[in-house]
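A.B. asks: Numbers given in the numbering used here equal positions in the sequence shown, counted from 1, plus 3.
Careful: at least some of the hints might be erroneous.
Within a straight-line C-alpha distance of at most 30 angstroms, the following computed DSS-like cross-link-like pairs (lysine-lysine) qualify [unchecked claim]: (1) 61 to 14; (2) 214 to 60; (3) 9 to 60; (4) 170 to 59; (5) 60 to 13; (6) 14 to 54.
Hint data in this document are derived by calculation from the structure and do not stem from the laboratory.
Keep in mind that this is a model prediction, so the values were computed, not measured.
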Amino acid sequence: MEQTTKRLSKKELRQIWKRWGFTHLSSMSYEKLQAHAWAYSYLPFAEKYYKNDPEKKKRLLMRHSMFYNTEPQTGQLINGIVASLEEEIAIGGDVPEEMPINIKTTLMGPLAGIGDSIIQGIIVPILLSIGMGLASGGNALGPIFYILSYGVVGVLISYLAFMNGYKLGVNAIDVIIGENAKRITDAFNILGVMVVGGLAASNIALVTKLKIPMGEEVQALQDVLDGIFPKVLPLAMVLLAWYLLTSKQLTATKVILVLTVISAIGVAVGVF
Numbered sequence: 004m005e006q007t008t009k010r011l012s013k014k015e016l017r018q019i020w021k022r023w024g025f026t027h028l029s030s031m032s033y034e035k036l037q038a039h040a041w042a043y044s045y046l047p048f049a050e051k052y053y054k055n056d057p058e059k060k061k062r063l064l065m066r067h068s069m070f071y072n073t074e075p076q077t078g079q080l081i082n083g084i085v086a087s088l089e090e091e092i093a094i095g096g097d098v099p100e101e102m103p104i105n106i107k108t109t110l111m112g113p114l115a116g117i118g119d120s121i122i123q124g125i126i127v128p129i130l131l132s133i134g135m136g137l138a139s140g141g142n143a144l145g146p147i148f149y150i151l152s153y154g155v156v157g158v159l160i161s162y163l164a165f166m167n168g169y170k171l172g173v174n175a176i177d178v179i180i181g182e183n184a185k186r187i188t189d190a191f192n193i194l195g196v197m198v199v200g201g202l203a204a205s206n207i208a209l210v211t212k213l214k215i216p217m218g219e220e221v222q223a224l225q226d227v228l229d230g231i232f233p234k235v236l237p238l239a240m241v242l243l244a245w246y247l248l249t250s251k252q253l254t255a256t257k258v259i260l261v262l263t264v265i266s267a268i269g270v271a272v273g274v275f
């Protein structure tokens with residue numbers, strides 16, 4: 004059977020990237036999660052290299068139909084690495100067919116940690132805070148900004164991760180796993196905590212109306228609190244939400260309801 008030795012073109016690489024990038028969550032199951040989209044993204048690859056070899060085509064699609072789950076945008080780095088390995092296998096390079104499977108299994112965990120720290124811990128809160136600021140007063144520009152900006156930023160991260168993963172190949176593994184991955188994840192986690200803390204302090208408005216006696220006069224308790232620890236009440240609400248989410252294992256919806264009840268009761272009795 005004739006075997007092509009042509010490398011993947013830019014157009015073909017973009018096709019692999021686009022298929023997984025925009026369908027990774029479109030067909031999921033508890034057994035496979037994102038695996039269906041992997042197999043779908045490599046259908047053009049199979050047609051290019053294994054059109055006349057059904058057995059190799061079958062093995063390609065089977066090894067990319069195994070369980071897979073990671074952060075979708077930064078996880079494209081793995082897809083790029085695997086694309087370079089599959090290309091070497093297809094043109095007869097010295098790469099075993101088990102290696103792409105091992106790479107996916109090894110890297111999907113570390114990339115999920117790094118990706119969640121970047122996307123959910125930094126980018127999403129920043130874009131949401133800007134959108135909420137624009138939306139104050141009922142301005143429709145807020146949600147439009149968030150939808151468009153996240154669409155651009157998310158796609159850009161996805162594309163750059165894929166292309167750089169393809170260029171680096173297996174050399175990218177040294178950066179992603181082991182102590183390097185832990186340091187990267189810790190750094191982004193710390194930055195994410197700082198971002199969320201700053202957003203909480205600037206966007207959560209909670210003050211008390213209570214007054215305390217100061218000799219013959221009374222002074223607003225909020226002024227006293229601000230003199231000791233500014234924004235301590237918003238901090239308390241954030242810590243309460245964190246406690247309910249982590250220790251009590253409540254869902255985000257239930258936490259919102261709890262905070263709403265506390266705020267409503269506080270306003271009703273004159274505390275807030």
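A.B. asks: Give a verdict on every hint.
C.D. replies: Hints versus structure:
no.	hint	result
1	61 to 14	24 angstroms, holds
2	214 to 60	76 angstroms, violated
3	9 to 60	17 angstroms, holds
4	170 to 59	24 angstroms, holds
5	60 to 13	22 angstroms, holds
6	14 to 54	18 angstroms, holds
Figure legend: structure checked against the earlier numbered hints; the only hint not met is number 2.
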